[in-house]
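Below, each chain spelled out in residue letters.
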Amino acid sequence: MLTKVTTVLLVLLGLSGRPALAEQSATEAPPADHRFTAQLGIEATVVGFSVGPRLDLLYRLGGPGSFSNLRLTAGVLVGPEFVYLPVGLGYRAAFRPTKTVQPLVGLGTEVHLFMVAGHVFRQWGVVYLEAGSGFAVTQRVSLGAIATVDWATIGEPGPGLAARLFVGYRF
Amino acid sequence: MTFRKLSRCLLFGMLTSLLLLRGDEAQAHLPNILRPGEVFQVPDPLLSFALYGTFSHADEVFEVRLQPETPLAVPIEIMVPRQDALTNHRPLFAIVGKGLPKASATELAQLPRPLPDGMGVVLGRYEREDREILFESFSRRVLYTNGVVAYVLPAGDVRMWVWSPSGTTGKFVLGFGVEEGKQDFGNLIANWGDYAY
Numbered sequence: 017m018l019t020k021v022t023t024v025l026l027v028l029l030g031l032s033g034r035p036a037l038a039e040q041s042a043t044e045a046p047p048a049d050h051r052f053t054a055q056l057g058i059e060a061t062v063v064g065f066s067v068g069p070r071l072d073l074l075y076r077l078g079g080p081g082s083f084s085n086l087r088l089t090a091g092v093l094v095g096p097e098f099v100y101l102p103v104g105l106g107y108r109a110a111f112r113p114t115k116t117v118q119p120l121v122g123l124g125t126e127v128h129l130f131m132v133a134g135h136v137f138r139q140w141g142v143v144y145l146e147a148g149s150g151f152a153v154t155q156r157v158s159l160g161a162i163a164t165v166d167w168a169t170i171g172e173p174g175p176g177l178a179a180r181l182f183v184g185y186r187f
Numbered sequence: 002m003t004f005r006k007l008s009r010c011l012l013f014g015m016l017t018s019l020l021l022l023r024g025d026e027a028q029a030h031l032p033n034i035l036r037p038g039e040v041f042q043v044p045d046p047l048l049s050f051a052l053y054g055t056f057s058h059a060d061e062v063f064e065v066r067l068q069p070e071t072p073l074a075v076p077i078e079i080m081v082p083r084q085d086a087l088t089n090h091r092p093l094f095a096i097v098g099k100g101l102p103k104a105s106a107t108e109l110a111q112l113p114r115p116l117p118d119g120m121g122v123v124l125g126r127y128e129r130e131d132r133e134i135l136f137e138s139f140s141r142r143v144l145y146t147n148g149v150v151a152y153v154l155p156a157g158d159v160r161m162w163v164w165s166p167s168g169t170t171g172k173f174v175l176g177f178g179v180e181e182g183k184q185d186f187g188n189l190i191a192n193w194g195d196y197a198y
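Same order as they appear, the protein sequences are chains A and B.
So for the first sequence, the numbering used here puts the first residue at 17; every next one is plus one.
So for the second sequence, the numbering used here puts the first residue at 2; every next one is plus one.
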């Protein structure tokens, strides 16, 4: 049993340190400098249930080695009691962009609009924190998962918790 | 400051923010679960509660008991999730206790069970056909409400009954009280399915 666990751990460690598959075959030319990343995700909110698409647009700040990104985000999530429209601006640190496993953390602010019967019924501003990881499929395409917590600081106070699966594309 | 240093500062700020986002000091209405056939005993009538229940059958009755030491004015409302399936779900509540008005024949016919000897009753009514909607910010729920009305509870043994006069089934929340209390996060997590969806 111990041997099996050790083997699994070693395989995972090996994967996490391994360059992306596509990068291995792209040794003949230096990789293009892609400053932008678009991520389309399916998000589910755990506090106040709703599900729907969310789009993130990331702009890398600094040179090719920088992990800093500016993040613009918007989504449309539908729940049994409301339609939830988040719009936000934030900072995201995305590490190891040339590796298979690409951890990320971020923080920022969002405006949340809650629509009931076609009208904006409640709106507030939140501060959010996010953490997750992307997994390289090719040099430009990745899949990933992110968890987000937030706290409404403008308007009525309240917590938020959401999870998201995404596909990302660098350009 | 170089850009790399600025990035590291931002990362440090994020980690610090995680430490500051403590929720255990949050004050709010105390949530709990109501179950048919069981009595929910209110530990402190000065605190406010949001009690979540579900009518699985039309004839179920939910009961809450509290013991004010002196007559106490308490706002009470009954809420229902604002969902299409619950548009006609309008549970009713009654306050039962000594010193409350004697029940009329009409009221007695509406009550889900006989009044205990010597006790009077006040029925919480829907004064309007259309219902107000409220947004509960801690659970991010949108709820119909019959509207908050303050009732004077007598001292001593006071009971609140909740039933479904039209025989509809579904979820409801009985909200009452004024003073917010410290949250029990173990309870919140254990019963999150009842509170949030």
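No lab work stands behind these hints, which were simulated from the structure alone.
Please note: incorrect hints may appear among the correct ones.
[To be verified] Where chain A lies over chain B, by a calculated footprint (3+ residues, C-beta under 8 angstroms): (1) 93–100; (2) 132–139.
[Unchecked claim] Output of the computed footprint for chain B on chain A, the stretches with three or more beta carbons under 8 angstroms from beta carbons of chain B: (3) 128–138; (4) 168–174.
A virtual CB, placed ideally from N, CA and C, is assigned to each residue, including glycine.
Hint-by-hint comparison with the structure:
With a cut-off of 8 angstroms between beta carbons, the segment 93–100 of chain B has 0 residues touching chain A; three or more are needed, and the interface restraint is violated. A count of 4 residues in the segment 132–139 of chain B with a Cβ less than 8 angstroms from any Cβ of chain A is obtained; the coverage claim is therefore met, three being the minimum. Note: the segment 128–138 of chain A has 4 residues with beta-carbon separation from chain B under 8 angstroms; the three-residue rule is met and the coverage holds. Only residues whose beta carbon comes within less than 8 angstroms of a beta carbon in chain B count, and the segment 168–174 of chain A has 5; three or more means the coverage holds.
In this structure, the one hint that does not hold is number 1.
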